[in-house]
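Trainee: Residue numbers (this note's numbering), protein chains in the order written: chain A, 188 to 340; chain B, 188 to 340.
Any given hint might turn out to be false.
Because identical chains cannot be distinguished in the list, a pair is counted as satisfied if it fits within a single copy or across any two copies.
Derived lysine-lysine pairs resembling DSSO-like cross-links, with alpha carbons at most 30 Å apart [what the hints assert, rightly or not]:
id: 1; residue 1: Lys282; residue 2: Lys271
id: 2; residue 1: Lys212; residue 2: Lys300
id: 3; residue 1: Lys326; residue 2: Lys239
id: 4; residue 1: Lys253; residue 2: Lys288
id: 5; residue 1: Lys240; residue 2: Lys299
id: 6; residue 1: Lys237; residue 2: Lys326
id: 7; residue 1: Lys271; residue 2: Lys299
id: 8; residue 1: Lys253; residue 2: Lys201
id: 9; residue 1: Lys300; residue 2: Lys326
id: 10; residue 1: Lys289; residue 2: Lys308
id: 11; residue 1: Lys289; residue 2: Lys212
id: 12; residue 1: Lys271; residue 2: Lys212
id: 13; residue 1: Lys300; residue 2: Lys253
id: 14; residue 1: Lys253; residue 2: Lys326
id: 15; residue 1: Lys264; residue 2: Lys288
id: 16; residue 1: Lys288; residue 2: Lys326
id: 17; residue 1: Lys201; residue 2: Lys240
id: 18; residue 1: Lys300; residue 2: Lys264
id: 19; residue 1: Lys299; residue 2: Lys212
id: 20; residue 1: Lys271; residue 2: Lys240
id: 21; residue 1: Lys271; residue 2: Lys288
id: 22; residue 1: Lys201; residue 2: Lys237
id: 23; residue 1: Lys239; residue 2: Lys253
id: 24; residue 1: Lys264; residue 2: Lys326
id: 25; residue 1: Lys201; residue 2: Lys289
id: 26; residue 1: Lys239; residue 2: Lys201
Derived by calculation from the structure, the hints in this document are not laboratory data.
Number of protein chains: 2
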Amino acid sequence: MLNPPAWALHSLVKARVGHLACSTKYGIPLNVPICFAFDGSRIYSSIDEKPKKAAPLALRRVSNIKENSNVCLTVDKYSEDWRKLQYVLVLGRAKVNQQGKKFPEAIALLRKKYRQYNSMKLEMRPLITIQPVRIVAWKPLTTPRTVKPKEYD
Amino acid sequence: MLNPPAWALHSLVKARVGHLACSTKYGIPLNVPICFAFDGSRIYSSIDEKPKKAAPLALRRVSNIKENSNVCLTVDKYSEDWRKLQYVLVLGRAKVNQQGKKFPEAIALLRKKYRQYNSMKLEMRPLITIQPVRIVAWKPLTTPRTVKPKEYD
Numbered sequence: 188m189l190n191p192p193a194w195a196l197h198s199l200v201k202a203r204v205g206h207l208a209c210s211t212k213y214g215i216p217l218n219v220p221i222c223f224a225f226d227g228s229r230i231y232s233s234i235d236e237k238p239k240k241a242a243p244l245a246l247r248r249v250s251n252i253k254e255n256s257n258v259c260l261t262v263d264k265y266s267e268d269w270r271k272l273q274y275v276l277v278l279g280r281a282k283v284n285q286q287g288k289k290f291p292e293a294i295a296l297l298r299k300k301y302r303q304y305n306s307m308k309l310e311m312r313p314l315i316t317i318q319p320v321r322i323v324a325w326k327p328l329t330t331p332r333t334v335k336p337k338e339y340d
Numbered sequence: 188m189l190n191p192p193a194w195a196l197h198s199l200v201k202a203r204v205g206h207l208a209c210s211t212k213y214g215i216p217l218n219v220p221i222c223f224a225f226d227g228s229r230i231y232s233s234i235d236e237k238p239k240k241a242a243p244l245a246l247r248r249v250s251n252i253k254e255n256s257n258v259c260l261t262v263d264k265y266s267e268d269w270r271k272l273q274y275v276l277v278l279g280r281a282k283v284n285q286q287g288k289k290f291p292e293a294i295a296l297l298r299k300k301y302r303q304y305n306s307m308k309l310e311m312r313p314l315i316t317i318q319p320v321r322i323v324a325w326k327p328l329t330t331p332r333t334v335k336p337k338e339y340d
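Chain A with its partners taken away, still in its complex shape (with noise of 0.2 Å):
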């Protein structure tokens, strides 16, 4: 499905955390809460200088992407009254680049999404694009309607 419902584009649009997972190719899975930002058509997610593991380059995201592309980003909401469970998975191929035609793009898609980037050097740090290949947008199957008596007025 690439025509998600307007609620999961909205909630790729919106939402403040997404968890990646990419995976070796020898299907050893990672999955790491991430930044991002959506234009529409692509998703982009900055290394940024968090606290990480290791240097940029060295993180095991960046050098499962280099070797197996195929990623899945999941975006969901959590609530007590699971009719309201929602979650838009996102399964697609990744890069990782330091450069790129839509890379100031992107930068400012993130710093107009995220204020805290402001005031990090994001030129200067690798970016995870992910091209999806399909989007699996979920929610519980629609409760009936309750219809209000005064509709039988």
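Keeping the supplied structure of chain A fixed, place chain B upon it in accordance with the hints.
Mentor: Then chain B, alone, in the frame of chain A:
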């Protein structure tokens, strides 16, 4: 690290939702939000009665785990104050069962954590069990403690 810090264990016990990444043996990852319970050594998640895209055993997460047991369960907290971010990654091996010695205990633990499960027949549903192999606990580097002036008194 199999002796994670106390905050990470607490997070694994208390978190209402986690994100489970699994992968085909060819490295195509899937990442789904799940409800789960942690008994201090293993993690349990029921293929419960929330509406799904397929029958329990036909679900992608189940077929992935059957062909490749490597998984990564991620539990995290997002905050706009990025000094308060944290995540715990459980890298482990998963299996899917409909019976077994631990099965009733796992179901009881899930029901204790989620009252929503009291009205679901979890006994009839497959259960994912994750055996952690490595646990990675991450918080930003501790920033120096702000010393209040009166401490100089």
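Trainee: Evaluate Lys239 and Lys253 at a C-alpha cut-off of 30 Å and name the case that applies: within, between, both or neither.
Mentor: within (18 Å within a copy, 32 Å between copies)
Trainee: Could you place Lys271 and Lys288 in one of the four classes (within, between, both, neither) given a Cα distance threshold of 30 Å?
Mentor: neither (39 Å within a copy, 34 Å between copies)
Trainee: Reference check for the pair Lys271 and Lys240, CA-CA at most 30 Å: within, between, both, or neither?
Mentor: Answer is between; shortest inter-copy Cα gap is 16 Å, intra-copy 35 Å.
Trainee: With 30 Å as the alpha-carbon cut-off, assign the pair Lys300 and Lys253 to within, between, both or neither.
Mentor: within (27 Å within a copy, 39 Å between copies)
Trainee: From the Cα coordinates, with 30 Å as the cut-off, is the pair Lys271 and Lys299 best called within, between, both, or neither?
Mentor: both (29 Å within a copy, 21 Å between copies)
Trainee: At 30 Å max between alpha carbons, let me know whether Lys271 reaches Lys212 within a copy, between copies, both or neither.
Mentor: neither (35 Å within a copy, 33 Å between copies)
Trainee: Can you give me the call for Lys239 and Lys201, within, between, both or neither, at a CA distance of at most 30 Å?
Mentor: both (25 Å within a copy, 25 Å between copies)
Trainee: For Lys237 and Lys326, with the copy left unspecified, which applies at a CA distance of at most 30 Å: within, between, both, or neither?
Mentor: between (33 Å within a copy, 10 Å between copies)
Trainee: For the identical chains here, do Lys253 and Lys201 meet the 30 Å Cα criterion within one copy, between copies, both, or neither?
Mentor: within (28 Å within a copy, 35 Å between copies)
Trainee: Given identical chains, is Lys212 near Lys300, meaning Cα to Cα at most 30 Å, within a copy, between copies, both, or neither?
Mentor: So Lys212 and Lys300 fail the 30 Å test inside a copy (32 Å) and across (36 Å) alike.
Trainee: Please sort Lys289 with Lys212 into within, between, both or neither, judging by C-alpha distance up to 30 Å.
Mentor: Answer is within: at 27 Å inside a copy they meet the 30 Å cutoff, but 33 Å across does not.
Trainee: Treating 30 Å as the Cα threshold, decide for Lys240 and Lys299: within, between, both or neither.
Mentor: Intra 27 Å, inter 35 Å, cutoff 30 Å: intra-copy only.
Hint compliance for this structure: hints 2, 12, 15, 16, 19, 21 are broken, all remaining hints hold.
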